[in-house]
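Participant: Spelled out from the first residue to the last, the chains are:
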Amino acid sequence: MTFLRVLISRVRALFAAPRLDRDLEDELRSHIEMETEANVRRGMTPAEARRRALIEFGGVAQTAEIYREARAVAWVGALLQDIRYALRGFRRAPGFTAVAIISLALGIGVNTTLFSLINMLILRPLPVEDPGQLVTFSSQQKGSFPMPAFSYPEYRDIRDQTTGALSGILAYCDGLDGLSVDGRADRVITHYVTGNYFTLLGVKPVLGRVILPSEGKVEGGDPMIVLGYSYWKAHFAGDPNVIGRHVFLNGHPVTVVGVAPKQFHGAQALIDVQGYLPLGMNSISAGFPGFLENRSIRNIYLLGRMAPGVSLNQAQARLKIVSERLSAAYPKDSSGVTVVVQKQLLGRIQSGNELMELGAVFLAMAALVLVLACINLANLLMVRAAARQKEIAMRAALGGSRGRLIRQLLTESFLLTCFGALAGLLASAWTCSALSTLRLQGIPIYLDFSFDGRVLAYALAAAVLAGLMLGIVPALRGSRADLAAVARDGGQRSSGRPQRTRSVLVIAQVAASFLLLIIASLLNRSLQNGRRLDMGFDARHILNFSIDPHNVGYNETQGRQFYSELLRRVRTLPEMESASLAISGPISALPLPMQVQPEGYASPKGQAAPTVFWDVVSRDFFETLRMPVVRGRSFNPSDHEHAPRVAIVSETFAERFWPGHDPVGKTIQLTIDPVHPIQVVGVLRDARYLAVTEPKQPYIYVPFEQNYAPIQTLRVRYNGATETAIAEVLKEISSLAPGLPVAGVETLLQQIDSSAGYGFLGLRIESGFATVMGLLALALALLGLYGVVSYSAAQRTHEIGVRLTLGASPRDIRKLVLGRGLLIVGIGLPAGLLLSLVAAPIVRELVLGISTTDPLTLAGVAVLLACVTLAACYIPARRAMRADPTVALRNE
Amino acid sequence: MGIAQRIRQISGDLLQLNQGTLYPALLRVEQKGWISSEWRITENNRRAKYYSLTPAGKKQLEAETLEWERFAGVMARMLNATE
Chain A
586 MTFLRVLISR
596 VRALFAAPRL
606 DRDLEDELRS
616 HIEMETEANV
626 RRGMTPAEAR
636 RRALIEFGGV
646 AQTAEIYREA
656 RAVAWVGALL
666 QDIRYALRGF
676 RRAPGFTAVA
686 IISLALGIGV
696 NTTLFSLINM
706 LILRPLPVED
716 PGQLVTFSSQ
726 QKGSFPMPAF
736 SYPEYRDIRD
746 QTTGALSGIL
756 AYCDGLDGLS
766 VDGRADRVIT
776 HYVTGNYFTL
786 LGVKPVLGRV
796 ILPSEGKVEG
806 GDPMIVLGYS
816 YWKAHFAGDP
826 NVIGRHVFLN
836 GHPVTVVGVA
846 PKQFHGAQAL
856 IDVQGYLPLG
866 MNSISAGFPG
876 FLENRSIRNI
886 YLLGRMAPGV
896 SLNQAQARLK
906 IVSERLSAAY
916 PKDSSGVTVV
926 VQKQLLGRIQ
936 SGNELMELGA
946 VFLAMAALVL
956 VLACINLANL
966 LMVRAAARQK
976 EIAMRAALGG
986 SRGRLIRQLL
996 TESFLLTCFG
1006 ALAGLLASAW
1016 TCSALSTLRL
1026 QGIPIYLDFS
1036 FDGRVLAYAL
1046 AAAVLAGLML
1056 GIVPALRGSR
1066 ADLAAVARDG
1076 GQRSSGRPQR
1086 TRSVLVIAQV
1096 AASFLLLIIA
1106 SLLNRSLQNG
1116 RRLDMGFDAR
1126 HILNFSIDPH
1136 NVGYNETQGR
1146 QFYSELLRRV
1156 RTLPEMESAS
1166 LAISGPISAL
1176 PLPMQVQPEG
1186 YASPKGQAAP
1196 TVFWDVVSRD
1206 FFETLRMPVV
1216 RGRSFNPSDH
1226 EHAPRVAIVS
1236 ETFAERFWPG
1246 HDPVGKTIQL
1256 TIDPVHPIQV
1266 VGVLRDARYL
1276 AVTEPKQPYI
1286 YVPFEQNYAP
1296 IQTLRVRYNG
1306 ATETAIAEVL
1316 KEISSLAPGL
1326 PVAGVETLLQ
1336 QIDSSAGYGF
1346 LGLRIESGFA
1356 TVMGLLALAL
1366 ALLGLYGVVS
1376 YSAAQRTHEI
1386 GVRLTLGASP
1396 RDIRKLVLGR
1406 GLLIVGIGLP
1416 AGLLLSLVAA
1426 PIVRELVLGI
1436 STTDPLTLAG
1446 VAVLLACVTL
1456 AACYIPARRA
1466 MRADPTVALR
1476 NE
Chain B
9 MGIAQRIRQI
19 SGDLLQLNQG
29 TLYPALLRVE
39 QKGWISSEWR
49 ITENNRRAKY
59 YSLTPAGKKQ
69 LEAETLEWER
79 FAGVMARMLN
89 ATE
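Residue numbers (this note's numbering), protein chains in the order written: chain A, 586 to 1477; chain B, 9 to 91.
Calculated from the structure, these hints are not laboratory results. In this text, all values refer to a predicted model and were calculated from it rather than measured experimentally. It is possible that some hints are incorrect.
What the hints assert, rightly or not - In silico EDC-like pairs for lysine to aspartate or glutamate, Cα to Cα no more than 16 angstroms straight-line:
#1 818/A / 857/A
#2 818/A / 771/A
#3 57/B / 715/A
#4 1281/A / 1317/A
#5 57/B / 618/A
#6 1316/A / 1150/A
#7 57/B / 1033/A
#8 847/A / 742/A
#9 57/B / 610/A
#10 57/B / 612/A
#11 789/A / 715/A
#12 847/A / 1033/A
#13 57/B / 611/A
#14 802/A / 742/A
#15 727/A / 909/A
#16 1316/A / 1160/A
#17 40/B / 72/B
#18 57/B / 38/B
Throw the hints in and build the complete structure from the sequences for me.
Facilitator: Written out as structure tokens, the structure is:
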């Protein structure tokens, strides 16, 4: 208690120092005066009386100092003093301070931004109850690739046979639907969910109720919708009376029963779901009729919750049994199936592990940049410490202990780090808020970069590390003041050792920036290579419009009419060369896997029928995209709704399933529709259809006229201005179907550039990021080099003056000063080359069409780096060369 | 000032404190909450700081006095015993 009271009183005293000082002064003065009066009364002269009083008291100033020290917390006082002193120092050297804070801010900002991106993508759990227990599922059939989609009967089997290992599994499928209130439809992302969706996740509604466990089991039953929070806010103005209202989903009336809570965006990370409906309602969306009972329609995703105390391995063991049972019981659909369970955090993005590796590579690069920034600052601080040797020696001579001096220097670097970290956080917050407005192809992406504890902890760790790195070296060096040497030289010359340390640090900077520049150029050249790739289609002058007449309630007949009329009208527009439809189209991030049985092809034993990608396209699609049919014919008007079903396959399809045979005339059976075989009428040249970097894959294309699906992307090949073309097509669409939402309006090139997993977005972000890193590193290295050379020149002003007086030519001086810089570059460049040869293979997975030890890239970066580093050395050397010897000598 | 004089008086000039050391001591006792201080006017019409014992201070004084007496008693007995 007493201790606490003392502490409080001392802390309070810290803040009331001026008032308490006055108080103390008054008290001491009144003491001396009263004592003087008493002495006068004893018969002394006034002067003698005052002298006696002061002697009795014994040192007024000392007493006041002891008093002050006892009054407040001593080390806090000293710290405040250090801080004040440091701030005064910063004000006197604004250039140094600005460079220091900016480079730290860049280093910490880059790290924080990158980490918050990774945090959002793979670390932040779903905002639901106990997210660590959630698992995702994927299934892989022998000879096929893993897929996250299941059929509803498979879901039922897995759910019922894993009780005990899992406390529950929910299922959902996603939809892109038209939601209309008062006639005008919006394109919305929906989840069709099993009744346990909300309860298993522990999500409570903010308004009304959620979908109940008893609902969603009947096809077309329970016409109700739970709105997403942001959609409710944006489109219903947060109206609480929305409960019970009727809205139309794809033209079908549904009742609003509730609103999901604000922080919940659906069971999938990164996507902002706008409405939740019972699973059975999926038949009004893209759901195939009968999907609740059909094992070959795989359109739902699963999310499970592990039972308490069950390990992932135990759950996986249980699923192995389930897989075997499925494989044995349903050989047609499920032979050779393996169901794999994965933690939701890692499974949320299909290539979670790759993403982690990518993240690790880039975090390492960002950390390297921070280290370079710290090296620079450490160098700057060392220069400052050297320049302050006289001051430090003076303080040491006046009794400042070494510990106290180190503390002063550490306070300085700590303050710099604080400012730098703060500026870095602000810069990062700004960058993140700019990035979070990214939209992908009209899909409401939910990018929540907001800084949570993890991000702040990461930034703090980076800052602490930076502070330690840049504080310790100069503090230890600077405080080891050699009093005699300083007195002798007047603090002008420093010993050789710090110089050597600084040179080594700059060599490391040059080498590291070499590596980062190599990575940046490799990625940039990969992007160039990617853009030059022969995609197998002509992506220039193509515009996309994604539409779904279902959204406004059209049935199939109306939809067919709408599309044929739309194509006819758009084709007659003056600037349109060609117009066509496709469900997915090239690089659309919308893969359509289809299990097929090609005529005469037998799967290897124990494997299911092969799965290939397919697309439904209208007659002129290949012409619009300039994809050549190399054999047989293209689709033509004779392939109408009632004609025999036909298909066109890719070259790889033909080679894989009918090697050495003429594919034209062969038939293909679909597993989901075995009664209508399809006849191949043509072969299309291979194209990179799904992803820009994919290997050759089998594809199958079928005509829209025979495979009606409401959701289509209209693609037009146009001449002239993009804006005019867009406006004209939109006018036609709205005049044909008023109120029909149109999404994803962009050119095909834009679409390819902005597609993450399939197009160039990944490579663009990677190369852009690496370029920023490389240039930052280069700038930091140049700064360091420039600093070392110009400082060593400044240190040798006296020597240069003497040499000039004794007849040295300016060229000799230049050589003298340049020497150190040349040495640094001469060691740094080969070291960087070596480092790049060793370390560049870490990006081998990221580069495209280029070797990580590409000699041209290495040579190019080496030449560039040599040129700029030499320039950075030359400028201070030239300044030294022009020195006036008299000025240089007088400088002493 | 009065405190220093009083100590000198009571001790019969045996305890001659350096008066300056009194102030840090007073501060420490005040921080512990055993005394309180206020500015008042003396009989000579001069502003001076008056210190007085707080209730907690009185209790502490009693405790310390007891402790001292015990200590002094023990010491006295020890010294007597060695005689």
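Participant: Look at each hint and say if it fits the structure.
Facilitator: To see whether the hints hold, each was checked on the structure:
1. Among the hinted pairs, residue 818/A with residue 857/A is consistent with the structure: their alpha-carbon atoms are about 13 angstroms apart, no more than 16 angstroms.
2. For the hint pairing residue 818/A with residue 771/A, the CA-to-CA distance comes to about 14 angstroms; that is within 16 angstroms, so the pair holds.
3. Proposed proximity of residue 57/B and residue 715/A is contradicted: the alpha carbons are some 64 angstroms apart, above 16 angstroms.
4. Taking the CA atoms of residue 1281/A and residue 1317/A, the gap is near 38 angstroms; set against the 16 angstroms cutoff, the hint is violated.
5. Proposed proximity of residue 57/B and residue 618/A is supported: the alpha carbons are some 13 angstroms apart, at most 16 angstroms.
6. Taking the CA atoms of residue 1316/A and residue 1150/A, the gap is about 14 angstroms. The hint holds against a cut of 16 angstroms.
7. For the hint pairing residue 57/B with residue 1033/A, the CA-to-CA distance comes to about 63 angstroms; that exceeds 16 angstroms, so the pair is violated.
8. At roughly 33 angstroms between alpha-carbon atoms, residue 847/A and residue 742/A are farther apart than 16 angstroms, so this suggested pair is violated.
9. For the proposed pair residue 57/B and residue 610/A, the alpha carbon gap of about 12 angstroms is at most 16 angstroms, so the pair holds.
10. As the CA atoms of residue 57/B and residue 612/A are separated by approximately 7 angstroms, the hinted pair is consistent with the 16 angstroms bound.
11. For the proposed pair residue 789/A and residue 715/A, the alpha carbon gap of about 14 angstroms is at most 16 angstroms, so the pair holds.
12. For the given pair, residue 847/A sits about 13 angstroms from residue 1033/A by alpha-carbon distance, which is consistent with the 16 angstroms threshold.
13. Distance check on the hinted pair: residue 57/B and residue 611/A sit about 9 angstroms apart at the alpha-carbon level, within 16 angstroms; holds.
14. Of the pairs offered as hints, the one joining residue 802/A and residue 742/A holds, with about 15 angstroms between alpha carbons and a cut-off of 16 angstroms not exceeded.
15. Distance hint between residue 727/A and residue 909/A is fulfilled; the C-alpha atoms sit about 12 angstroms from each other, no more than 16 angstroms.
16. Distance check on the hinted pair: residue 1316/A and residue 1160/A sit about 14 angstroms apart at the alpha-carbon level, within 16 angstroms; holds.
17. Taking the CA atoms of residue 40/B and residue 72/B, the gap is about 14 angstroms. The hint holds against a cut of 16 angstroms.
18. With a C-alpha separation of about 13 angstroms, the suggested pair residue 57/B and residue 38/B falls inside the 16 angstroms cut-off, and the hint holds.
Comparing the model with each earlier hint shows violations of hints 3, 4, 7 and 8; every other hint is respected.
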